[in-house]
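Asks: From first to last, the protein sequence lines stand for chains A and B.
Under my numbering, residues 1 to 113 are what the first sequence spells out, in order.
Under my numbering, residues 1 to 111 are what the second sequence spells out, in order.
Just to be clear, a hint being listed does not mean it is correct.
Partial list, computed: chain B residues near chain A (C-beta under 8 angstroms) [to be verified]:
| no. | residue |
| --- | --- |
| 1 | P14 |
| 2 | G16 |
| 3 | A17 |
| 4 | A29 |
| 5 | K42 |
| 6 | G43 |
| 7 | L46 |
| 8 | Y49 |
| 9 | K70 |
| 10 | Y71 |
| 11 | S92 |
| 12 | G96 |
| 13 | Y97 |
| 14 | L99 |
| 15 | G102 |
Taking beta-carbon pairs under 8 angstroms as the criterion, some of the chain B residues facing chain A (in silico) [claimed, not checked]:
| no. | residue |
| --- | --- |
| 16 | Y32 |
| 17 | G95 |
| 18 | A98 |
| 19 | F101 |
| 20 | K103 |
| 21 | G104 |
Since the hints were derived computationally from the structure, they do not count as laboratory data.
We put the beta carbon where it would ideally sit given N, CA and C, even for glycine.
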Amino acid sequence: EAGVTQSPTHLIKTRGQQATLRCSPISGHTSVYWYQQALGLGLQFLLWYDEGEERNRGNFPPRFSGRQFPNYSSELNVNALELEDSALYLCASSPKLDLDTQYFGPGTRLTVL
Amino acid sequence: QKEVEQDPGPLSVPEGAIVSLNCTYSNSAFQYFMWYRQYSRKGPELLMYTYSSGNKEDGRFTAQVDKSSKYISLFIRDSQPSDSATYLCAMSPPGGYALNFGKGTSLLVTP
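Bound-form chain A, shown alone (with noise of 0.2 angstroms):
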């Protein structure tokens, strides 16, 4: 069984900028999580989509935004990139009714310079 993959593996870009992060869950698993892993910080909940609707957000700003598309496929957007911005953002999967058990893929590694 293919696990959760994420694309693409680095990204680099400029302060200003905007990034986006995809994600493909486990097959047959409906919800998408997004986490971001910044140095020191450790692992802080972004958003949650489930069925296509985010279900909720941490404490992030609007800049941070997503979706999850019809085959729970899911993109995190980050619109006017930051220097705190720089982190591995980390996208989870699990299935429906077992929202705790969450599976994470190997994650994007955002650079902003």
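For this one, chain A is given, so just place chain B on it according to the hints.
Replies: Okay, now just chain B, sitting in the frame of chain A:
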């Protein structure tokens, strides 16, 4: 105060040692507890998942939850150099969606 506290280490042990990793938490609503292993520059890998207080064993790994003390542990028996990684505890309330993570403990097992 963070809801989940975890000693970042680093923790260095010789091969074959028993490793004890711990987290404390403050939110009594947390009911689901997980341990993830994360190798350098990789995503976290789910190791153990427990719901109730008590012990759960899987091979060389044992997860222990003490809800009365708001304390969880992961024990690794016969540790191997391949166990060298960062270990993250995570937890959530029932029906939770956002896992609350500790900052992770860096473990090094030396041959």
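Asks: With reference to the structure, classify each hint as holding or not holding.
Replies: Here is what the structure says about each hint:
1. P14: violated, 28 angstroms
2. G16: violated, 29 angstroms
3. A17: For A17 (chain B), the interface hint is violated, since the closest Cβ of chain A sits about 26 angstroms away, which is over 8 angstroms.
4. A29: violated, 13 angstroms
5. K42: Holds - the Cβ of K42 (chain B) comes within 8 angstroms of chain A, reaching about 6 angstroms at its closest.
6. G43: holds, 4 angstroms
7. L46: holds, 6 angstroms
8. Y49: Y49 (chain B) check passes; min Cβ-Cβ to chain A is 6 angstroms, inside 8 angstroms.
9. K70: violated, 18 angstroms
10. Y71: Hint on Y71 (chain B): violated, closest Cβ of chain A at ~19 angstroms, above 8 angstroms.
11. S92: holds, 5 angstroms
12. G96: Where the cut-off is 8 angstroms and the nearest Cβ of chain A is about 6 angstroms from G96 (chain B), the hint holds.
13. Y97: holds, 5 angstroms
14. L99: For L99 (chain B), the interface hint holds, since the closest Cβ of chain A sits about 6 angstroms away, which is under 8 angstroms.
15. G102: holds, 7 angstroms
16. Y32: holds, 4 angstroms
17. G95: The hint holds - G95 (chain B) has a Cβ within 8 angstroms of chain A, the shortest such distance being about 6 angstroms.
18. A98: With a minimum Cβ separation of about 4 angstroms from chain A (threshold 8 angstroms), the hint on A98 (chain B) holds.
19. F101: Holds. Min distance 4 angstroms.
20. K103: Constraint on K103 (chain B) satisfied, holds at 4 angstroms.
21. G104: For G104 (chain B), the interface hint holds, since the closest Cβ of chain A sits about 7 angstroms away, which is under 8 angstroms.
Hint compliance for this structure: hints 1, 2, 3, 4, 9, 10 are broken, all remaining hints hold.
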